[in-house]
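Q: Residue numbers (the working numbering), protein chains in the order written: chain A, 1 to 472; chain B, 1 to 218; chain C, 1 to 211.
A few of these clues could be false.
Keeping only pairs whose Cα atoms sit at most 30 Å apart, straight-line, the calculated DSS-like set for lysine-lysine is [said to hold, decoys possible]:
no., chain 1, residue 1, chain 2, residue 2
1, A, Lys463, B, Lys182
2, C, Lys9, A, Lys180
3, A, Lys8, B, Lys43
4, A, Lys230, A, Lys99
5, A, Lys405, A, Lys57
6, B, Lys160, A, Lys405
7, A, Lys378, C, Lys9
8, B, Lys182, A, Lys378
9, A, Lys373, C, Lys75
10, A, Lys405, B, Lys43
11, A, Lys297, A, Lys230
12, A, Lys57, A, Lys463
13, C, Lys75, A, Lys34
14, C, Lys9, C, Lys75
15, A, Lys373, B, Lys160
16, A, Lys297, C, Lys54
17, A, Lys57, C, Lys54
18, C, Lys155, A, Lys180
19, A, Lys378, A, Lys34
20, A, Lys8, A, Lys463
21, A, Lys378, B, Lys43
22, A, Lys99, B, Lys43
23, A, Lys57, A, Lys297
Derived CB-CB ranges, DEER-like [claimed, not checked]:
no., chain 1, residue 1, chain 2, residue 2, range
24, A, Asp92, C, Lys155, 47 to 57 Å
25, A, Pro440, B, His67, 53 to 63 Å
26, B, Glu16, A, His10, 41 to 51 Å
27, B, Phe14, A, Arg302, 35 to 45 Å
These are computed hints drawn from the structure, not numbers from a lab. By construction, the Cβ of each residue, glycine as well, lies at the ideal position given by its N, Cα and C atoms.
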Amino acid sequence: MSAAFDEKVHNTLADANLQLAIYRATGRLIDHRKHAVAATALPDYQELRTHANAVKKHTIEHLDHYLEQFEANVAAHGGQVVYCQDATEVADFVLGLAKKRGAHLIVKSKSMTTEEIDLNERLEHHHLESVETDLGEYILQLAHQRPYHIVAPALHLTRYDVGDLFARTLGVANETVVEKQTLIARTVLRQKFLAADIGISGANFLVADSGAVLIVENEGNARLTTSAPKIHIAVAGIEKLIPRAQDLAVFLKLLGRSATGQALTVYTSFLSGPRRTGEIDGPEEFYVVLLDNGRTKLLADRAKRESLYCIRCGACLNHCPVYRKIGGHSFPWVYSGPIGAIITPQFLGIEHEPSLPFASSLCGACAEVCPVKIDIPKVLLDLRAEVKQVEERRGVNRLERLAFKIWAWVMCHPRLYEMAAMVAAGVAPSENGKWLRSAPAVMNLPPVRAWLSQRDLPPAPAKSFRELWRRR
Amino acid sequence: MTSVLERLGYQVDFPEDQTCCGQPAFNTGYRAEACQVARHFLKVFRDSEYVVVPSGSCTSMIAHHFHDLFPEDPESLRAAEALSPRVWEFSRFVLEIAGVDDVGARLEDVVTYHDSCHALREFGIRDGPRRLLANVRGLELREMDAAEECCGFGGTFSVKLPEISGGMARTKIDSIVRTGAKTVVSVDSSCLMQIQGALSRAALPVRTMHLAEVLASR
Amino acid sequence: MSRDAILNKVRTALGRTAGEPVATPPPVRLRVGEVDTDTRIASMLRAVEALAGKTHRAATAEDARAYVAAILDGKTAVASNAPFLRECGIVDLTGVQSGLTDAAALRALCATADVGITSADYALADTGTLAMLASPAEARLISLLPPVHIAVVPKDRVLSGLDELFTILPLPAEQTSSMVLITGPSRTADIEQILVRGVHGPGEIYVVVVG
């Protein structure tokens, strides 16, 4: 692994409080989900997953059609679709619109896609104030930190961290009661909502037959972001499309339950176009930014295309034993956990962090809980094979390759295998803990050292199975 | 495993040319090497009526992943497809093929069961081993809270990312210790090696036993 | 142009050509059960209460009016222009202002009122959800800005759940720019996973089913 990754992992593992916070927060989400999808609560859960997978597969495989249908319907309802290839184009669009309208203040609701493109940084660089309004994201914005988890972005922070932060950045008294901290944020942000010129949101789903964006939330900040300012811009990856509004009956049943164990989140907003004639409030202008930023690259890879089915519920993070140890900030990109491990190399290139696909024990807990049945372990295995191909082409990691070549050769020659096994038994600890022949050369092999750094080696049995078998 | 199967009336053969299913290479991304080893495996077991495996992950490799290894080798692919339905993880073989959930075993002990990931998630092996253990005379089975959490072995993961692997092992053994059990049982030797290594390093007086060893006890 | 660039990349990635027809999508999956009205209403109210909302089954419009009056008890309120609220006499209660059609005036009122009173287009029994479509009768901010939200709904609008909603309303966009499903009071657990209600939306919600 890269030095940066190793260091972050090591520091996270060494921080007992953080370990507890991660384990507890994810443990709670695991429990909530379990109850919400139990046979008594959602008897057709498995069927819904299969159906959702089929709908996503169909949509992704006909994405051009649904993009065009979506665009036409957005326009039909008085809105406008803006296709953007990358972060710069999104920023340029927002900046251009802000300039034209004399806008200075932007409120934002939670959107991993906008994190992906560093939108706030770009807007602030051009002197626009862009305020995160989801409580967790607001806290992170003040702290200049990235989200720790897709659904629980500030899970690594304590109330004392928040108290200190608010005192330092908002000039308020240091308050450590969580209800009071929330009230502070509510008061500050309410003024922003009511004064903002533009509201920028994400979208959980883009509905092709309606030209609508679907946004789920619990706080109400997304509703305010998309209803109070005169302009609403929704930013979403092109893969967020689903064909029909009626498909939401399936996806909404899976999303809340998989993410937090809620049958439905507090607010589910189905928004299409600016306010209609006769409607009293709502935005006057409605834009949907459709972002590529590398998604077309993933689309082209048939074997790994299913990575685009993700509905960003976070269930895979919660159930991943590796995530539960190393947390969100150990990952090199905004997307963490198992989904992050498979899309990061595909978006940023395998070379970005070539060991990322290997940071998994392939336990399969992620695939078991993915509401759209992405076979994450399979994609990880594909990525691992790709990494090794790249390494071979580049001529790196030669020793490991050679070791496996020798290993394969020995495995195809049973008599050699038996001899190797006997040698291994000879240098292994015996039943009473003593080493028969302690060979420093063996003990210093990187894999052996790595094993021994965390646990003891197994003792060699007095007799091998083969010996016992032959004596029958 | 042999003694249990023989007690159940089966004729057990141990083809001595067997070596490995190729999983370590496959999991590390060395597909060509995995292919070589897999082909050898297919040759060795071609004529076996049943192949019984004391490991969920090896069974998964053979019965599921062999299919991914031979996109350009139709002959090996056919052999893999032919072998797949005949490959059985040990506890499933006992319960579903032998049709037995009581093998007449006796072991005075307090044990806890660790759900090996591949066995659990690829074959649904969860209730089976527990039923088998329930019928072992003198045995008390206690559930640990993290039974279904990965032990952290993951093949080369254990040595490529040892800190994380070790952390996962320690979470597992903490859970084990909370049960007060004296023995940890599972259907996968690699899990047991990882767990035993961590128990031993922590100087905890808990041993590991493969389900087959428990069932062979009289 | 980015539009063409992206669509071309998509088509190339998928091996499709412009205008190529689409395979039949998986059929829509909607399962609507037979649930009688009283069972639905009971389920609805139970679900709302499980989310810390308060509920009342009013036999008559007068009953509903009295219940709302008791909640208001001297507080200021803004009510939507829903005809049903007028029918129940709720817009005539002391402290209630309604009939606003100007966006700025409405916003100012919502920002200071103690209570927002609305009806709802539908209610979903299994999840305790209110489905609110923006219209001349229902503004968005009334159920959002004031810290308390009271919804008064006639019983025939209570549906069994999402499946029934999308069966009778397959294309909400034909009718409105905004359909919001409200399931309980606003909440967050962003700080130490501790639950706090009333973050941005109302922290208290009352659902009255009439009839």
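Q: Check the structure against each numbered hint from earlier and tell me which ones fail, lowest number first.
A: 2, 3, 5, 8, 9, 11, 12, 13, 14, 16, 17, 18, 20, 22, 25
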